[in-house]
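Go by the hints and put chain B onto chain A.
Chains as they are written, first to last, in my numbering: chain A, 13 to 392; chain B, 13 to 392.
Careful, some of the hints might be misleading.
Any copy, or any two copies together, can satisfy a pair, since identical chains are not distinguished.
Okay, derived cross-link-like pairs now, SDA-like style, lysine to any residue, Cα gap no bigger than 20 Å in a straight line [to be verified]:
no.	residue 1	residue 2
1	K79	S172
2	K382	N253
3	K114	Q171
4	K188	Q151
5	K80	S172
6	K80	Q171
Keep in mind that the hints were calculated from the coordinates and are not lab data.
Protein chains: 2
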Amino acid sequence: MAEFFTMDHQSHQIFGDDKVKMVINTLPPNGGSGTFSYSKNSYFQKRSSSVEESKIEEEIQKKLDVKKLASASNMIIRVADFGCATGPNTFVNAHKVLEAMKHKHKSQCPNTETNPEFHVFFNDLPSNDFNTLFTSLPQDRNFFACGVPGSFYNRLFPQSSIHFAYSTYALHFLSKSPEVVQELNDPAWNKGRIHYTSASEEVVDAYATQFARDAGNFLDARAVELVPGGMLVIVMQGVPNGMPYSHIINGMLFDCMGSILMELSKEGLFDESEVDSFNFPYYAPSPEEMRKVIEKNGRFSIERMELTDPAPWLKSMEQVIPEWILHVRAAMEPIFITQFGNQATHQMFQRLTKQLLDKRHLLQTKYRDKIQLFLVLKKN
Amino acid sequence: MAEFFTMDHQSHQIFGDDKVKMVINTLPPNGGSGTFSYSKNSYFQKRSSSVEESKIEEEIQKKLDVKKLASASNMIIRVADFGCATGPNTFVNAHKVLEAMKHKHKSQCPNTETNPEFHVFFNDLPSNDFNTLFTSLPQDRNFFACGVPGSFYNRLFPQSSIHFAYSTYALHFLSKSPEVVQELNDPAWNKGRIHYTSASEEVVDAYATQFARDAGNFLDARAVELVPGGMLVIVMQGVPNGMPYSHIINGMLFDCMGSILMELSKEGLFDESEVDSFNFPYYAPSPEEMRKVIEKNGRFSIERMELTDPAPWLKSMEQVIPEWILHVRAAMEPIFITQFGNQATHQMFQRLTKQLLDKRHLLQTKYRDKIQLFLVLKKN
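This is chain A alone, in the form it adopts within the complex (with noise of 0.2 Å):
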């Protein structure tokens, strides 16, 4: 459940049709790398990112032909991360991937004394802090690495240029949150939630369309950047095929931030068209709603499809929850503090520690779900 907080988002205003439509953008995390820092709290994300390593190493070992991609490519081999954040997972992540890679030439070319260069792109928002990214680099790297600025659900690279693509804790969030369930009056307005968990069916739908638009525009882009013969590799929030959000234990938690909210603004903190108008762009798909996307794009075959267990080193949840919440504050506290100020906004994210230690055998009997979406694509 940690790897959750990879993207904030924020509230914009947009004109048009007479009236004032309330859109909640992604954003990236928190940047610098203070108390609340993503930089400082992504440890759960680097430790479920984890679990799928060997999983990676071993498609990249059986099925990247590596150096008939690098040979195609006068052996410059391309690697593009997908919503990399200030680091430092992304440079783990690009580590491993590299190493595997580096492997797999090996083994099909025991011999060569030509090896092929590394080019790492890390990608994330403009809004993103590159500037701790790139002055957290590791001094060591045998790559070379560039920053790319934009939203992963456009084009960000020519056509056929990239040959390993991976994206980690950022495909569950949506490029905005539906327009419809802010709307007054729409059947899918979703007055006094935060999220579609416990929302009513028209508010999940209206989340699974938006998931749906946004994942295809992912991989129409992907499909064109990636070479034939290319990897695609995504690890995200998922959930088990026809389970509902509010049995997930990161649906129990925007349950609580929502209810929190609706406290606060009954203690006349803020208005309560303030939550109502508020909607997290974030959406766990089940691997059915995954495979219809893809099959949809039709240019990528499904060579491996699972969930699993995000946090199998976690010997007990309760003991964590503060820690937890720390890593939830420092993806999520800019958008809060946007809509709903910064004393607010601090109070809710102190009662949501109280209330789920209060919480925490409800909890502790949840943290086992396979909850985790791991997936890799080969372009066709």
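Leaving out everything else, chain B in the frame of chain A:
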């Protein structure tokens, strides 16, 4: 004389051989978009750079085989700016270069519908404010953009991957000040000055040697990175063959800064040794010196090399002195603060404007000098 201040530097103490050496490393200019930011105070550079625009277009049209380069590279043209700072000048330069290349491609392939895609790499030191650069990227750009953190005196790209490289107002910034000029009792010890302007022959030689080494490293790296037939354009500070730097308007600036800092030390704001240990890592070569470096490298042909007046648009020097010093301050302030503190730095810039206004008649006689070195190289 305006385009002088593209990068700053910072003092570092290096411990070794049982003594402390001060090395002044180059640093990027002021970040952000505030009063003294480079992004707000670099329009002199923009205008001076535009002096070379039509020449660059001409060279691309005459000598760059865009059709051949694109078709050998899967229709992807890769362009790099070495020393991009925070913008906006780098975007203007990129736009002009890309337009010229598109024009050339169209003239080579009038009937094709397959146009190259452009991948543009913006390079500067890792401490450059890439956040400002990325958030100010033109929305309507027709290229894919990357930031590349690292010193351009090292390798930054895979071999044979760049088709067109340029560096504008950056290459006169040495990687560091020559160490000997800070060494007490060395014949090249540069006591009481902050630059080689008006200094002893030993000091000038030490700087010249450092420049030859740095520019050599720059060309060595670019020679590996550029494809055969690729083009490298450099716009930087220069000096006519054999002319002492004290005759140049920028030399007068350094002399003035040095003497003000000596004044301030005598007034007790800091110890005189702070001036002795501070040497600005900047060198303006003559065409003759540059030719030697290029010939030593041996992997480029010189297509064009000339000195130009960087400010033909300037009607009078004296009216722009305060603005000029604002540009200087935007670019240099951080390093002066590092060495001399806030208060002294503020005073230095205040007095600098005054003193240069007092010398306006002398400056007026010099601002038409041809001190901008323009260079077009082609990779063999």
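Checked hints:
1. K79 x S172: Answer is both: 17 Å inside a copy and 18 Å across each meet the 20 Å cutoff.
2. K382 x N253: within (11 Å within a copy, 72 Å between copies)
3. K114 x Q171: Intra 24 Å, inter 18 Å, cutoff 20 Å: inter-copy only.
4. K188 x Q151: between (36 Å within a copy, 19 Å between copies)
5. K80 x S172: Answer is both: 14 Å inside a copy and 19 Å across each meet the 20 Å cutoff.
6. K80 x Q171: So K80 and Q171 pass the 20 Å test inside a copy (18 Å) and across (18 Å) alike.
Hint violations for this structure: none, all hints satisfied.
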